[in-house]
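In order, the protein sequences belong to chains A and B. One point on numbering: in this note's numbering, the residue at position 278 of the first sequence is 278, and numbering is uninterrupted. One point on numbering: in this note's numbering, the residue at position 111 of the second sequence is 111, and numbering is uninterrupted.
Please keep in mind that the hints were generated in silico from the structure rather than gathered at the bench. Mixed in with the good hints, there may be bad ones.
Identical chains blur together in the list; that is why a pair holds if it fits in one copy or across any two.
In silico lysine-lysine, DSS-like type, Cα no more than 25 angstroms apart, as pairs [claimed, not checked]: (1) Lys259 to Lys190; (2) Lys190 to Lys79; (3) Lys79 to Lys66; (4) Lys260 to Lys190; (5) Lys259 to Lys206.
On a predicted model such as this, the values are computed, not experimentally measured, just so you know.
2 protein chains.
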Amino acid sequence: MGGDHGPRVTLAACRAFLERHPEASLLLVGAPDALAGFAAHPRARIVPASEVVGMDDPIEIALRKKKDSSMRVAIQQVKDGAAQAAISAGNTGALMAISKLILRMGANLERPAIVASWPTMQGVSAVLDVGANVESDAKQLIEFAIMGAAFHHAVHGSERPTVGLLNVGSEDQKGHEEVREAHAILKDTKLDFDYRGFVEGTDIAKGTVDVVVTDGFTGNVALKTAEGLARFFGAEIKATLTSGPLAMLGAVIASGALKKMRRRLDPGRVNGGPLLGLNGIVVKSHGGADALGYASAIRVAVDLARSDFSAEIDRNLKRLTETGLNAGAQEEGAGGVSGAEGQGASE
Amino acid sequence: MGGDHGPRVTLAACRAFLERHPEASLLLVGAPDALAGFAAHPRARIVPASEVVGMDDPIEIALRKKKDSSMRVAIQQVKDGAAQAAISAGNTGALMAISKLILRMGANLERPAIVASWPTMQGVSAVLDVGANVESDAKQLIEFAIMGAAFHHAVHGSERPTVGLLNVGSEDQKGHEEVREAHAILKDTKLDFDYRGFVEGTDIAKGTVDVVVTDGFTGNVALKTAEGLARFFGAEIKATLTSGPLAMLGAVIASGALKKMRRRLDPGRVNGGPLLGLNGIVVKSHGGADALGYASAIRVAVDLARSDFSAEIDRNLKRLTETGLNAGAQEEGAGGVSGAEGQGASE
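Just chain A, with the same shape it has in the complex:
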């Protein structure tokens, strides 16, 4: 039912998506009244849901009380095979919890991850986890590397993604035990991507690697720090270029170029953060995304659904198992929703 702006934005995005993709069809899940505009559309079907998960709803409420929420019904469509992917601009924690409960973790994967597509000097990098977890051990970091590489390949088109592990320095002995252990294993295992070792915070915007792997706490803080700084820059540029008649004249003259720049740096341009690691595709749109941003999230879901994303993950996990690391992964992971979600990141 559509994030911060309600169905208005998401429905505009859905309409634009259907126009641009004559081969695709959409299930629109929610209050039939709000979706009535699509009742006659030949490639849209309305799936009624009587409840809505609020942006501030505790996860327990979303999970145990609102069993007919649009979010839950949408994810159920994926589980039942009626849809190939679910897209939501709603409450991240609830989306994660409901997705884990209904879809369960993928075979041999321990923990899900939320991946962010980050504009860089080189293009777009995938950064994960940015908030599904608050702590990650070495094995989980390696899973993130595998999932992130498969995601970048599927959605951003890199042939053989380069992958780096986020750390506070580039030497082997830097960082805490988890990153050093993950580093040692990634260095010594042949996988479908090009592991480049440790990278630092400065490397993210530089685009040093296609995939930046980190735990959900650090990734969430890094992403939000960057978002905050981007807003600060935006405000400063605006203030600067309206600070006097000369600056304003300059800004008017350069306005075309400045607009282009803002578009290039706009996180909404690459909106759509999939929840990786589940048995099914779920894509989180930024709650504040506009129609263009929400359409970009739908496109990410389509790209993932069309790719051999899951097969690629399976193949790499198998190689890990052959090196002896992955044994016993499923034991802990398959239990679905644990109490830990409440500690995860808010959007």
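With chain A's structure known, arrange chain B on it following the hints.
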């Protein structure tokens, strides 16, 4: 002997500092030949040191082999009471290790922290730890809060600093155990600052609080992510405003305002990251700082030396002890240098 640019930059900064502060005097530590320009200065004294710690020297070499390094001799001046503070633009890991070995931790403090002065929409916030440690427990986070508040008060002049704990959400149950435990204690202890609870990455640039507290891994990644993004923005602005004749004309007309903006956002403007928690003042300048930046690091050292920084920390630690938390802190901390430094952040 002066960071990436060698003594040229640091000596220019020293000369400017002495001119602007007729009451201050400097000890210049290093190869006498390189410092000869100051031989006749009435308020400068040359302290000879025969060795230099290289930017890439392993900590063991800096610590055990180069016992007559300019870095070590400078810190020894503080220990001996000949200087009130030491300033260095050299190897961060070595500076931290030598400082801990020679000055030791302050009474009842467990771990040192490096603090960054971060330009925000409101002014300047202190963010710590940005790289002295790779992991921090609740007690260490609380120490960082105390030290950061005393620093902000001494150097950035806030009367009663506001302090926030960096997390992935603002609700009490968010985040990992360490931040939740530190949060619970800070909420319930009356200290010389205004604890505002959890803050998120977006709050840093917004300037929501004067002091942002986090572990050294997260803080280092956040700082470097921001530095990388700032460079990306700088490059984009330059590329945008030289992208065509119209944009160039606009840029020329607005150049005064743009220059002012760049100065405001420049991290060098607030250069100077003290190593907090030691028995003595040591300030790390950015290795790549220019003379203006290095002079700013000297000013930070002066502000700290003139303040009641240490007394403020002691007072707050005492209040913590009264609430029962701080008992036994010294046992582990006083041992000086442990093997853990090698895992810390590089600059």
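Hint check:
1. Lys259 to Lys190: Neither, since 44 angstroms and 49 angstroms both go past 25 angstroms.
2. Lys190 to Lys79: So Lys190 and Lys79 fail the 25 angstroms test inside a copy (33 angstroms) and across (52 angstroms) alike.
3. Lys79 to Lys66: within (18 angstroms within a copy, 64 angstroms between copies)
4. Lys260 to Lys190: neither (41 angstroms within a copy, 50 angstroms between copies)
5. Lys259 to Lys206: both (22 angstroms within a copy, 23 angstroms between copies)
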